[in-house]
Amino acid sequence: MNTTLLTQSVAAQTETHQAVREASGLFSGTWLLIALPLLGAALLLLGGRRLDRTGHLVGCATVIASFVVAAVLFVAMLGEGSGERAFLIPLWEWFNAGGYEVEISLLLDQLSMAFVLLITGVGSLIHVYSIGYMEHDERRRRFFGYLNLFVAAMLLLVLASDFLVLFIGWEGVGLASYLLIGFWQHKPSAAVAAKKAFVVNRVGDMGMVLAVASMLVVFGSSSYAVVFAGTENAPVGWLNAIGLFLLLAACGKSAQFPLQSWLLDAMEGPTPVSALIHAATMVTAGVYLIVRSAAIFDLAPEARTAVVVVGAVTLLMGAIIGCAKDDIKKALAGSTMSQIGYMMLAAGLGPAGYAFAIFHLITHGFFKANLFLGAGSVMHGMNDEVDMRRFGALRAAMPVTFATFAIGYLAIIGIPPFAGFFSKDQIIEAAFAEGLVVGLCALLGAGITAFYMTRVMLMTFLGSKRWAEEAHPHESPRVMTWPLIALGALSVVGGAGLLYLGGGIVDWLEPVTGEEHHDLPVPLAVLMTSTLITVLAGAAVAWLLYGRRPVPEVAPRGNPLTVAARRDLYGDAVNEGLFMRPGQYLTRSLVYAESRGVDGTIVGAAKAVGGLSTRWRRWQTGFVRSYALTMLAGAGLVVIAMLLVRLP
Amino acid sequence: MNPTSYLVLATILFTLGSGGVLLRRNALVAFMSVELMLNAANLAFVAFARMHGALDGQIVAFFVMIIAAAEVVIGLAIIVMIFRTRRSASVDDASLLKL
Amino acid sequence: MDLYAPMIGLIILGAVFAVFSVVVSTVIGPKRYNRARLDSYECGIEPTPQPVGGGRIPIKYYLTAMTFIIFDIEIIFLYPWAVRFDHLGVFGFVAMVTFLFLITVPFVYEWRRGGLEWD
Amino acid sequence: MIAPSIEYSALLPMIIVFGAGVVGVLVEAFVPRRFRHAVQVILALAALAAAFVQVVRLGGTEIIGAVGSVAIDGPALFLQGTVLVLAFISMFFFAERRIEAGGNAFAPAASSLPGSEEERVLVQQRALQTEIYPLSMLAVGGMMLFPAANDLLAMFVALEVLSLPLYILCGMARRRRLLSQEAAMKYFLLGAFASGFFIFGASFVYGFAGSLEFAEIDAALGARVGQEGLLLAGVGMMAVGLLFKIGAVPFHAWTPDVYQGAPTQVTAFMAACTKLAAFGAMMRLFYVGLGGIRTDWQPMLWAVAIATMVVGIVVALSQTDIKRMLAYSSIAHGGFILTAFVAVDELAIAAILFYLAAYGFVTLGAFAVVTLVRDAGGEATHLSKWAGLGRRSPLLAATFGLFLLALAGIPLTSGFVGKLTVFTAAFQGGAMPLVIVGVLVSAVAAFFYVRVIVLMFFSDPAPEGPTVAVPSVWTTAGIAVGAVATIVLGVLPGPLLDLAEQAALFIR
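Protein chains in written order, with our numbering: chain Z, 720 to 1367; chain U, 1371 to 1469; chain X, 189 to 307; chain Y, 2 to 509.
Since the hints were derived computationally from the structure, they do not count as laboratory data. Model, not experiment: these values are computed from the prediction. Cβ coordinates follow ideal geometry from the N, Cα and C atoms, glycine included. One should not assume that every hint holds.
Unchecked claim - Restraint ranges, calculated between C-beta atoms of paired labels, are given here:
| id | chain 1 | residue 1 | chain 2 | residue 2 | range |
| --- | --- | --- | --- | --- | --- |
| 1 | X | F279 | Y | R121 | 31 to 39 Å |
| 2 | Z | S908 | Y | Q126 | 52 to 60 Å |
| 3 | Z | G748 | Y | A478 | 33 to 41 Å |
| 4 | Y | Q503 | X | L266 | 41 to 49 Å |
| 5 | Y | M433 | Z | L751 | 36 to 44 Å |
What the hints assert, rightly or not - Covered by chain U, per the in silico footprint, the following chain Y stretches (three or more residues, Cβ under 8 Å):
| id | region |
| --- | --- |
| 6 | 106-118 |
| 7 | 158-172 |
| 8 | 175-186 |
| 9 | 207-218 |
Pulled out of the complex, with its shape left as it was, chain Z reads as follows (with noise of 0.2 Å):
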């Protein structure tokens, strides 16, 4: 570890936050965070088929071993003093190339431990519950296998000390979603859900590229100590762009505006996946970037303003989404945008909201990750089944599984005292102290998300049934239900405890985030009152419309904005208009991709690249003599630049 590196680190600290110290002892141990599940992946993939029969209790083994050294670390981070709880574990000089150096090592402070802990933590249970629910399929272990590589990514993710090695974890992230998202091959709809998903991503990536390119530039390394000490005498307009461009990428991973087509079409992966990756916790490595970054962001209004935007625009978005989809899976992934846009409004208000973005991050994590596996539950009972419009009364059928939804229902439309109440008023409270506008939204779209998930409740559970005799609904394995437990009773608990328990997490993230109090236009109880009323209001309608009548088994046409609503908003159909041009030339190409047997199908920019790389690929005639031809016009083109540079 060379000392440079440190008292820079040093010196960035002291002024807002706290010093970094060299890990010693036990938190010299943390790499094994990572290691464990990577062992576990490299054992599923690499071991062949003598693995098939026990892999699923391997991939459970290594999360919960990472998951018990992440509760040693906790306790004995809490046994430190509360400036004192951020360490810095080096592993080894990645490279060293001109004056950029770039280094693998860990950071744990209080931020990436809340990370850590959820991950490891949502991620054992998932991982016990997949044994169940993923039984009968006979690629049992490569899934095992590929959820371990995300784990593993994820906590690199978090645990990066250098923009550059978070940027490993993120593409990591990426490459093991966009596996799982495709696990079932062989529905052509999980194939192309996978590449769509690829490819927003690799847009929101660019940016992550950029925003690194810049640090470089601006502060000659991409090191969180350098860049964060250099951001005070950095010129603000680099750190607009920065922010921006760490924006982006938060959008292309977080599924925000304008960016949030691919989640929708992400729940062709097994449920399992969609509650661990696309709920709990890679969808949220956007906040966790923003947050991370806070330092760059406290300095970049314009940045800031544009996060709040975002959050705001999706949050409604989402939850409107939501409210149209009769795709369960579908219905939980608009309102897991919802919640992420609410975190991002969260995140955008600086020093104000970044512990409650984390806050709502975490209870998120159970509330939602306990509705996708109820969800799962339900499917798994209901022969894979995802149409609400085929559910109905099955509350007496699965019991317990309805009664963990119902609790994850309760914390997520915000009842006190269920998780979601605590984490949700305060971004509300924290959003109207910011301004008027961006708070009426946010009590706006607690009002529909109390709606939308009545309505799954209603039309799921309660209501008549309306799914054929030969269904057969049943109650899950017990190695699906008490997964389930255990996530419904952290997200009744989960909230108030975090939040009082020993100073809260409030207190907790403070040297990592800092903190600013703020001032309500009105006072708190109008405010909570009047949240509550929007809540119940929202969950009225739907009772009024789902509940008093019968819902019928074939979707109605609906008004104008339900069907907006049931095709994304047009998400898909924007990117392609402002992607690719219409006409033709696109038609064309399509066709002629078709045509080749190729998997044709190309997404978003890529059409437009793709009618380009036809025409230019006609250039490519066969003959000698055209080659030839284009090398006398190409060497008579560079002789020609050569001499006119000189010209003038």
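Chains U, X and Y: place on chain Z using the hints.
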């Protein structure tokens, strides 16, 4: 010595050569045109060597001739091989590789 | 610069001409070329049929040409060396012997492979 | 007149390799057919290994030898060593005999007519093509001389010495001989055309400077006023010859056709090593000889770099043949390297050296995998045939996936570190627009690399799909070395980067 006229001649030869590569369909003739380009370079080298009063340009001319000879051997081998296979020495007939 | 302006102009002119003629010939020219156009012209009568594997000129002709090139290369370097033999001394002698050896290697190869058998 | 002297010690690596080529020709002449293959393989591998040992021994040497025409310095030795290692692995692929039952991947006699009685007899006799080894030795020698050439003449000679054997090697495929011969002819005609430009341009530069040596050309740059037109036109035409070898747009047209038509083993060798040698030569010419007029050639190379990256990637998108796709990808990678090339500083040299080495291993491995996926007609290179390969042969598909990820520049592969260093160098050299284009293009590129991965893992296998040949230890070892190098250079690139940085100084 003023090399201008030699240079003009060399350039004419070079242009003829490169034009020949483009215009002639017969691989042998196209190949002869390439040799013409090399000879144009030789002429320029010798002319410049005279201008500078040095010998190294003339040595280059020797080497270029040798290399041209080696190129001829390789080129003839390839072209003869193709001719025997296809019964045609047209460069345009050899256009299976494309797109 | 002035000195070379005509030359560069000529290069450009040549390039333009080449491009022009290729483009124009593909645009307006008939596309009916066939093997007859590449065949030798024998006063309007059918060209004498060639044996399969042969050509207008027998392959042997090319082989002889290729063999000749070995000696061609040899003489090009022998001549200046002979002129300056006394000045180059032992170094030049060793170098030339090495060179001659290397030139002989392909010749030996051709001989062993039957390239010199005139059937 | 004093007799010239030759620094035999410093030139020993090249002498060994050229010597092996000459001995190889004699082996062809005198050793009975039965033993030829074994003798040639051993000779080639031994010569490459011995030459590599000599290169290592020479580490740190800085000599301008052979009367000023050859420079042995850091970049030259680095590139010579890399060429030797890559050629060593290529020989593994050349020596593979299990894939084609009873033969290697080359026509038993290149001169025999395809489909003729003669060919049939030779195949029945299980005659082995062994001329490839002396030919490739001569090509390797040329590739070693190319980046070390320190005057215009040596550079031209090296260019031809490396090209001529390659022209022949391209035409020697065992299967699809028409395509192979066509590739040879195209490569030959266009290559000769390009070298015509090179030597004509060299004559102009010589006319301007009055000397062939780079150092004296450099000295003449500022001294002679009023004749820059001659110089610049000459430099432009020399650039054509070099850019042709690199496969830069608009001199790239040969690349896909030749890469597709040539025997895949030769394609691997050529793609990895030629690019390396050509970039080495280009660096020496432009940095040592023409560094003084960099403002004149930089804008031209900017345009070429952008065109190369964009055209390479965009056209690669619609390719349906795996070899052509890799060919276009190699064009685009040439463009990525050019972005650092225009930066002209030590950092850029180190970045280019590293990138070339990293890219060489990936390319070798990727093409070697292509040789294993076969159907009745030989290699099954059409992309649709690769559908579902991941289910039939997971290990092979995963290895190919690794190479594709490296080409796409995904972190923890050598491709990522290479791209990062190259772009960083370009950035610091002030070529920000180039870097932005590069990053955008890389994003698009990832798409088509991943498209192949999707095809392999997420599509249903075609009913009459190809079989995966079980290779002998030769090919297996070669692919394994490629894969290991790809990962090691991605995770622990430090040592090689350090080496490249130490080597990044041209002697003048």
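Checked hints:
no. : hint                           : in the structure
1   : F279/X with R121/Y: 31 to 39 Å : violated (53 Å)
2   : S908/Z with Q126/Y: 52 to 60 Å : holds (55 Å)
3   : G748/Z with A478/Y: 33 to 41 Å : holds (38 Å)
4   : Q503/Y with L266/X: 41 to 49 Å : holds (44 Å)
5   : M433/Y with L751/Z: 36 to 44 Å : holds (41 Å)
6   : 106-118                        : holds (count 4)
7   : 158-172                        : holds (count 6)
8   : 175-186                        : holds (count 8)
9   : 207-218                        : holds (count 5)
Going through the hint list in order, the structure does not satisfy hint 1, though it satisfies all others.
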